[in-house]
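> Chain residues, written in single-letter form:
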Amino acid sequence: MARARVYVTLKKSVFDPQGQTIHDALVSLGYDGVKDVRQGKFFEVELGGLPAEQARQTLEEIARKVLSNPVIESYRVEVEG
Amino acid sequence: MKVGVVVFPGSNCDHDTYHALKHVCGQEARFVWHKDSDLSGLDAVVLPGGFAYGDYLRTGAIARFSPVMRAVTEFAGQGGPVLGICNGFQILQEAGLLPGAMLRNRSVKFLSQPVHVRVERDDTAATAGLPVGSVLTMPIAHGEGNFYLPDDEVDRLEQEGRVVFRYTTRDGRLADEANPNGSLRAIAGICNRERNVVGLMPHPERASEAALGSADGRRIFEALVTSLVRA
Chain V
0 MARARVYVTL KKSVFDPQGQ TIHDALVSLG YDGVKDVRQG KFFEVELGGL
50 PAEQARQTLE EIARKVLSNP VIESYRVEVE G
Chain D
0 MKVGVVVFPG SNCDHDTYHA LKHVCGQEAR FVWHKDSDLS GLDAVVLPGG
50 FAYGDYLRTG AIARFSPVMR AVTEFAGQGG PVLGICNGFQ ILQEAGLLPG
100 AMLRNRSVKF LSQPVHVRVE RDDTAATAGL PVGSVLTMPI AHGEGNFYLP
150 DDEVDRLEQE GRVVFRYTTR DGRLADEANP NGSLRAIAGI CNRERNVVGL
200 MPHPERASEA ALGSADGRRI FEALVTSLVR A
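First to last, the sequence lines map onto chains V and D. Taking numbering that gives the first Met the number 0, I'd label the letters of the first sequence as residues 0 to 80. Taking numbering that gives the first Met the number 0, I'd label the letters of the second sequence as residues 0 to 230.
No lab work stands behind these hints: they were computed from the structure. Please note that a few of the clues may not be correct.
[As the list claims (entries may be wrong)] The following label-pair restraints were derived from C-beta to C-beta distances:
1. D/R29 / V/G29: 55 to 61 angstroms
2. V/A51 / D/Q158: 46 to 52 angstroms
3. V/V65 / D/P130: 50 to 56 angstroms
4. V/K11 / D/Y55: 24 to 30 angstroms
5. D/D37 / V/V65: 24 to 30 angstroms
6. D/R155 / V/Y30: 37 to 43 angstroms
7. V/D31 / D/R29: 57 to 63 angstroms
8. V/S12 / D/E157: 15 to 21 angstroms
9. D/D122 / V/G29: 19 to 25 angstroms
10. D/G25 / V/R4: 51 to 57 angstroms
11. V/Y6 / D/R155: 26 to 32 angstroms
Idealized CB from N, CA, C, for every residue including glycine.
Full structure from sequences and hints, please.
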């Protein structure tokens with residue numbers, strides 16, 4: 000069983016209205032030191048029945064084709080173990 | 000004209016769209032279930048608004064993998080007119096039939112309000128015969144309608160004349176306060192290179208009879224008919 004964490008985040012060049020709103024809220028709560036907030040998505044995926052290298056490739060493919068939208072997002076896959 | 004209105008689990012403007020096409024515009028219409036892949040006999044296909052597959056993951060992200068989308072892609076490839084409204088537009092983007100993506104609205108709020116859009120092209124499936132520069136009033140209802148494309152790609156889109164609608168004031172002026180969601184260059188609707196696939200965020204079906212406050216949306220459905228006559 001392969002376990003992976005997939006992080007999907009908006010590309011640096013893309014404005015993040017949610018992150019901006021959270022940033023503004025934090026500053027208004029007195030956390031003046033907060034310079035920027037970017038919001039993203041986090042997935043834990045368990046994948047069975049494949050040898051390690053193939054599992055890694057499949058997880059990469061899932062992240063690229065389905066979990067992220069290449070127009071606005073980038074992704075990072077971390078496979079456990 | 001015989002129009003197919005695609006129904007995904009979570010579509011919620013399918014019946015309004017069907018009503019506008021059939022009872023307001025007097026066209027033949029039928030529903031097409033998302034698991035169907037038979038579009039035979041149809042002259043045009045509309046992807047209606049709503050929250051297909053709950054918009055889980057991203058708007059339109061799961062819907063694009065449904066069997067009907069393979070058929071819609073093939074239909075569009077053969078030059079068949081395809082109109083995506085709101086969530087239908089987002090699905091067309093995810094499916095790669097139209098460029099760009101929708102970010103959360105600039106205000107981070109779900110917006111349900113009337114807007115004015117200016118017609119920028121009269122040579123697309125959804126605007127055939129509509130005078131360029133005319134302003135249509137229709138409602139929007141979305142949380143993610145903030146059109147985005149990288150700068151160089153949006154430049155190319157403009158050069159190719161593929162911006163079909165822009166948010167403007169009632170008298171057709173561009174103004175920041177007339178851009179409800181922060182869309183890049185106030186883009187409210189675009190088309191593909193061949194001009195037979197069009198997506199727009201406002202809801203023509205919710206503005207197709209005077210009793211609804213505006214009948215401007217009807218002109219878009221009528222343009223679909225005009226585009227077929229011309230083709």
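> Hint by hint, say whether it matches the structure.
The hints, checked one at a time:
A hinted range of 55 to 61 angstroms for the beta carbons of D/R29 and V/G29 is consistent with their spacing of about 59 angstroms. Between V/A51 and D/Q158 the CB atoms are about 47 angstroms apart, so this pair conforms to the stated range of 46 to 52 angstroms. Checked against the hint of 50 to 56 angstroms, the pair V/V65 and D/P130 fails, with Cβ atoms roughly 42 angstroms apart. Checking the proposed 24 to 30 angstroms range against V/K11 and D/Y55 shows it holds: the Cβ atoms sit about 26 angstroms from each other.
Taking 24 to 30 angstroms as the suggested C-beta distance range, the pair D/D37 and V/V65 conforms, at roughly 26 angstroms. For D/R155 and V/Y30, the Cβ-Cβ distance of about 41 angstroms falls inside the hinted range of 37 to 43 angstroms, so the restraint holds. The hinted window of 57 to 63 angstroms between V/D31 and D/R29 holds, with their beta carbons roughly 60 angstroms apart. Distance hint check for V/S12 and D/E157: the Cβ-Cβ separation is about 19 angstroms, which falls inside the suggested range of 15 to 21 angstroms.
A hinted range of 19 to 25 angstroms is violated for the C-beta pair D/D122 and V/G29, which are about 56 angstroms apart. D/G25 and V/R4 have their C-beta atoms about 55 angstroms apart, which keeps the hinted 51 to 57 angstroms range intact. Between V/Y6 and D/R155 the CB atoms are about 30 angstroms apart, so this pair conforms to the stated range of 26 to 32 angstroms.
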